[in-house]
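Protein chains in written order, with my numbering: chain S, 1 to 392; chain C, 1 to 291.
Everything labelled a hint here was simulated from the structure, so no lab data went into it.
Bear in mind the structure is a predicted one, so any value in this text is a computation, not a measurement.
All residues carry an ideal CB built from backbone N, CA and C; glycine is no exception.
Hints are supplied without guarantee of correctness; some may be wrong.
[What the hints assert, rightly or not] The calculated lysine to aspartate or glutamate pairs, modelled on DMTMM-like cross-linking and capped at a C-alpha distance of 25 Å, are:
#, chain 1, residue 1, chain 2, residue 2
1, C, 94, S, 16
2, S, 3, S, 237
3, S, 106, C, 188
4, S, 171, S, 220
5, S, 360, S, 22
6, S, 362, S, 302
7, S, 85, C, 188
8, C, 185, S, 183
9, C, 185, S, 18
10, S, 188, S, 237
11, C, 185, S, 145
12, S, 360, S, 254
13, S, 122, C, 188
14, S, 195, S, 145
15, S, 359, S, 283
16, S, 9, S, 30
17, S, 171, C, 188
18, C, 185, S, 254
19, C, 185, S, 71
20, C, 185, S, 269
21, C, 181, S, 96
22, S, 85, C, 183
23, S, 78, C, 188
24, S, 359, S, 254
25, C, 185, S, 211
26, S, 78, C, 89
27, S, 171, S, 18
[Unchecked claim] Quick list of the computed label-pair ranges, beta carbon to beta carbon:
#, chain 1, residue 1, chain 2, residue 2, range
28, C, 184, S, 18, 17 to 23 Å
29, C, 73, S, 147, 32 to 38 Å
30, C, 96, S, 73, 26 to 32 Å
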Amino acid sequence: MSKELIRLKDVTMSFDGETVLDNLNIYFNDKEFLTLLGPSGCGKTTTLRIIGGFQTPTSGDVFFDGVRINDVPPHLRKVNTVFQKYALFPHLNVYDNVAFGLRIPKEADGGADKPGKRQTVKLSKSEIDARVREMLEIVSLKGFEHRSVTSLSGGQQQRVAIARALVNRPKVLLLDEPLGALDMRLRKDMQQELKRIQQQMEITFIYVTHDQEEALAMSDTVVVMNEGKIQQIGTPEDIYNEPKNAFVADFIGESNIVDGIMREDRVVEIFNRRFACLDAGFEKDEPVDVVIRPEDVDIVGEAEGQLRGVVTSVTFKGVHYDTIVDFYGFKWLIQTTDYCPVDSHIGIRIDPDGIHVMKKSKYSGMFGDYSSYSEEYDEINREEPEVSGDEE
Amino acid sequence: MKNKRSLFAVPYVIWMALFVVIPIIIMLVYSLTVTVDTAQGEVLQGSLSNFTGMTLYASVFGRSFWLALVATLICLALGYPAAYLMSREGEGFKRVAMALIMLPMWMNFLLRTYSWMAILENNGLLNQLLRKLGIIALYNRLTGSDIEYFQMIRTPGAVVLGMVYNYLPFMILPIYTVLTKLDPKLIEAAQDLGANSATVFRRVTLPLSVSGIVSGVTMVFVPSVSTFAISRLLGGGTQMMLGDLIENQFLGGAYNPHLGAAISMVMMVIVVICMLVMNHFGDGEGEAVML
Numbered sequence: 001m002s003k004e005l006i007r008l009k010d011v012t013m014s015f016d017g018e019t020v021l022d023n024l025n026i027y028f029n030d031k032e033f034l035t036l037l038g039p040s041g042c043g044k045t046t047t048l049r050i051i052g053g054f055q056t057p058t059s060g061d062v063f064f065d066g067v068r069i070n071d072v073p074p075h076l077r078k079v080n081t082v083f084q085k086y087a088l089f090p091h092l093n094v095y096d097n098v099a100f101g102l103r104i105p106k107e108a109d110g111g112a113d114k115p116g117k118r119q120t121v122k123l124s125k126s127e128i129d130a131r132v133r134e135m136l137e138i139v140s141l142k143g144f145e146h147r148s149v150t151s152l153s154g155g156q157q158q159r160v161a162i163a164r165a166l167v168n169r170p171k172v173l174l175l176d177e178p179l180g181a182l183d184m185r186l187r188k189d190m191q192q193e194l195k196r197i198q199q200q201m202e203i204t205f206i207y208v209t210h211d212q213e214e215a216l217a218m219s220d221t222v223v224v225m226n227e228g229k230i231q232q233i234g235t236p237e238d239i240y241n242e243p244k245n246a247f248v249a250d251f252i253g254e255s256n257i258v259d260g261i262m263r264e265d266r267v268v269e270i271f272n273r274r275f276a277c278l279d280a281g282f283e284k285d286e287p288v289d290v291v292i293r294p295e296d297v298d299i300v301g302e303a304e305g306q307l308r309g310v311v312t313s314v315t316f317k318g319v320h321y322d323t324i325v326d327f328y329g330f331k332w333l334i335q336t337t338d339y340c341p342v343d344s345h346i347g348i349r350i351d352p353d354g355i356h357v358m359k360k361s362k363y364s365g366m367f368g369d370y371s372s373y374s375e376e377y378d379e380i381n382r383e384e385p386e387v388s389g390d391e392e
Numbered sequence: 001m002k003n004k005r006s007l008f009a010v011p012y013v014i015w016m017a018l019f020v021v022i023p024i025i026i027m028l029v030y031s032l033t034v035t036v037d038t039a040q041g042e043v044l045q046g047s048l049s050n051f052t053g054m055t056l057y058a059s060v061f062g063r064s065f066w067l068a069l070v071a072t073l074i075c076l077a078l079g080y081p082a083a084y085l086m087s088r089e090g091e092g093f094k095r096v097a098m099a100l101i102m103l104p105m106w107m108n109f110l111l112r113t114y115s116w117m118a119i120l121e122n123n124g125l126l127n128q129l130l131r132k133l134g135i136i137a138l139y140n141r142l143t144g145s146d147i148e149y150f151q152m153i154r155t156p157g158a159v160v161l162g163m164v165y166n167y168l169p170f171m172i173l174p175i176y177t178v179l180t181k182l183d184p185k186l187i188e189a190a191q192d193l194g195a196n197s198a199t200v201f202r203r204v205t206l207p208l209s210v211s212g213i214v215s216g217v218t219m220v221f222v223p224s225v226s227t228f229a230i231s232r233l234l235g236g237g238t239q240m241m242l243g244d245l246i247e248n249q250f251l252g253g254a255y256n257p258h259l260g261a262a263i264s265m266v267m268m269v270i271v272v273i274c275m276l277v278m279n280h281f282g283d284g285e286g287e288a289v290m291l
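Extracted from the complex, chain S is given alone in its bound form (with noise of 0.2 Å):
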């Protein structure tokens, strides 16, 4: 088990009376791929922001490999950012922007914890044009020495922004939703490489995006925030096939979330039908939400059906057609690769590991009804806009 490098303790952030993280708890691992999951506003890069230094948090510690940060300032802190529009220095070449944090004198070993003792040290040139051509290599950038960064593309400077944190050797890089100004297809090349460079610099990556199948991709462990508080910590597999909540649940991939009563250990209700799922350890009777993934649904005929309903609109997307089926006024979205046309009546079949049972939350009739898809389908495929400063 790697061992833990930084903690947040009870650490709370409001601006102008607003709680923008509500005493949050979290520690990262070192060597370790972290994603901060949430929509905008939910507190992910003010986070990532307090582990930067950048901001002081109103309330609770910071800890770094043990020691109490809150008072470093940003410049002393052993960790670099890659910042969501780059930042990248428009007077230097990329050959310079990679260089400057390297040509600072740096405190030595330690100094940060123990001010008034200024050692610093100073790299040579010659070591200075080692690790920046090694790193402009890692980041497949050789030749660019001494273009101008403005002339490059989004992910070229994108590859910069990266070669200038890692190139200081930090212990932990912090990266600020660095692929949302990246075309689809760029950034899944990306996803690759920040993942590659992440295993072959052997650093924890503490990564903050609204993009779930970004996190999801790339992420040892996946941490969804919503309203400044954390909603779950766990692995990708954990957050997709068991979320705590709605909101988790609903976030994280598409979702029919209904309600339902759990009448025994491993028997749910839902529409006043008995299914059999693996889920235990509630009450008897105890109300629930129930979460079905619609690639779990299998459609059979209305006979055989466990549940039956009638198709609303039908959407080809490819691999498969994205069904809306009325059950009892209740819709969900199905996805499947046989085509039912509108107004056919079909039955629906869930195996007992299709069904995920979760506690009421206050989360719980927000999310998970597909009754005005239409809208809701634009909303998950727009762009989400650029949410830097929502936060601050």
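Chain S is fixed; fit chain C onto it per the hints.
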């Protein structure tokens, strides 16, 4: 489409031709000729004597550029920190500071300069104040001298003061504009990479505000070097500058428009060279200032 749009430039082109290009040509012709009396009356005759005879006025050239340089440097020294502080303050402070900077500019230039005369005069406001406070007496006692007033008006210092007072806003505004446009993320990025505030300023803020400095220096230096009102009113005739010299050739007792034109041409060339050198430092971003 493109041709149609270029029609919009016609008024400006006419304006430029009438009031910039043609006057410069006239000046050039004047500077390269002298008026000679002949039987047919006065005629122009080509000559370089205007330029060769200009060495007489080397001290005026020297004083003009020196005082303008000193004034520009003082403006920079005062203006940059002011612009820097303003750019980092809240909106309310910015508005008030901006209003205070602009306010004097809305008053008549000559009026402002006359006010300084009244202040700096031998028997002016400042000397009266110093006398009332006993500072002049104290000075006399300490140095064993016996003066009635401090000589302030009719000194190079008074001229520089006048220039700084009148042109300081032109230094502050472009620098302020550049600094407010500076992305705060760049400052954070530099801090993140280990730069303390001094290093951030030296390696990021300052280099990125050079274009503002170039604009400011240009906008202070050019009017300073060619001023005549300030040097005449506050220099009291003892601090003759190029502007006074030129004015004297066109309107004054030394009437000789040919020499005046020649001095103007030389001054223009020197200023252009100075600005080209400045713009080189500004990485070409200050080029727009030239026109």
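For each hint, the structure was consulted:
Straight-line distance between C-alpha atoms of residue 94 of chain C and residue 16 of chain S comes to about 21 Å, which keeps the hinted pair within the 25 Å bound. Pair hint residue 3 of chain S plus residue 237 of chain S holds up; C-alpha atoms about 22 Å apart against a cutoff of 25 Å. A C-alpha spacing of about 17 Å is found between residue 106 of chain S and residue 188 of chain C, which places the hinted pair at or below 25 Å, so the restraint holds. Of the pairs offered as hints, the one joining residue 171 of chain S and residue 220 of chain S holds, with about 17 Å between alpha carbons and a cut-off of 25 Å not exceeded.
Between residue 360 of chain S and residue 22 of chain S the CA atoms are separated by roughly 21 Å; this keeps the pair inside 25 Å, and the hint holds. In summary, the hint linking residue 362 of chain S to residue 302 of chain S is not supported, as the alpha carbons are separated by about 35 Å, beyond the 25 Å threshold. Distance check on the hinted pair: residue 85 of chain S and residue 188 of chain C sit about 12 Å apart at the alpha-carbon level, within 25 Å; holds. Distance check on the hinted pair: residue 185 of chain C and residue 183 of chain S sit about 23 Å apart at the alpha-carbon level, within 25 Å; holds.
Of the supplied pair hints, the one linking residue 185 of chain C and residue 18 of chain S holds, its CA atoms being roughly 23 Å apart against a limit of 25 Å. Distance restraint check for residue 188 of chain S and residue 237 of chain S: the Cα-Cα separation of roughly 19 Å lies within the 25 Å cut-off, and the hinted pair is therefore satisfied. Proximity of residue 185 of chain C to residue 145 of chain S is assessed by CA-CA distance (about 23 Å); at most 25 Å being required, the pair is judged to hold. Between residue 360 of chain S and residue 254 of chain S, the direct Cα distance comes to roughly 19 Å. Compliance with the 25 Å bound is thereby established for this hinted pair.
Distance hint between residue 122 of chain S and residue 188 of chain C is fulfilled; the C-alpha atoms sit about 22 Å from each other, no more than 25 Å. For the hint pairing residue 195 of chain S with residue 145 of chain S, the CA-to-CA distance comes to about 24 Å; that is within 25 Å, so the pair holds. Only pairs whose Cα atoms come within 25 Å are accepted, and residue 359 of chain S paired with residue 283 of chain S is accepted, the gap being roughly 10 Å. For the suggested pair residue 9 of chain S and residue 30 of chain S, the alpha carbons sit about 17 Å apart, so the restraint of at most 25 Å is met.
At roughly 19 Å between alpha-carbon atoms, residue 171 of chain S and residue 188 of chain C fall within 25 Å of each other, so this suggested pair holds. A distance of roughly 35 Å separates the Cα atoms of residue 185 of chain C and residue 254 of chain S; the hinted pair therefore is violated under the 25 Å criterion. For the proposed pair residue 185 of chain C and residue 71 of chain S, the alpha carbon gap of about 20 Å is at most 25 Å, so the pair holds. Taking the CA atoms of residue 185 of chain C and residue 269 of chain S, the gap is near 53 Å; set against the 25 Å cutoff, the hint is violated.
Between residue 181 of chain C and residue 96 of chain S, the direct Cα distance comes to roughly 22 Å. Compliance with the 25 Å bound is thereby established for this hinted pair. In summary, the hint linking residue 85 of chain S to residue 183 of chain C is supported, as the alpha carbons are separated by about 11 Å, within the 25 Å threshold. Taking the CA atoms of residue 78 of chain S and residue 188 of chain C, the gap is near 15 Å; set against the 25 Å cutoff, the hint holds. The suggested pairing of residue 359 of chain S with residue 254 of chain S holds, with an alpha-carbon distance near 19 Å, which does not exceed 25 Å.
For the hint linking residue 185 of chain C to residue 211 of chain S, the alpha-carbon distance of about 23 Å falls within 25 Å, and the restraint holds. Between residue 78 of chain S and residue 89 of chain C, the direct Cα distance comes to roughly 30 Å. Violation of the 25 Å bound is thereby established for this hinted pair. Distance restraint check for residue 171 of chain S and residue 18 of chain S: the Cα-Cα separation of roughly 32 Å exceeds the 25 Å cut-off, and the hinted pair is therefore not satisfied. Here the CB-CB span from residue 184 of chain C to residue 18 of chain S is close to 21 Å, well matched to the stated 17 to 23 Å.
Between residue 73 of chain C and residue 147 of chain S, the C-beta spacing of about 36 Å keeps the proposed range 32 to 38 Å intact. Between residue 96 of chain C and residue 73 of chain S, the C-beta spacing of about 30 Å keeps the proposed range 26 to 32 Å intact.
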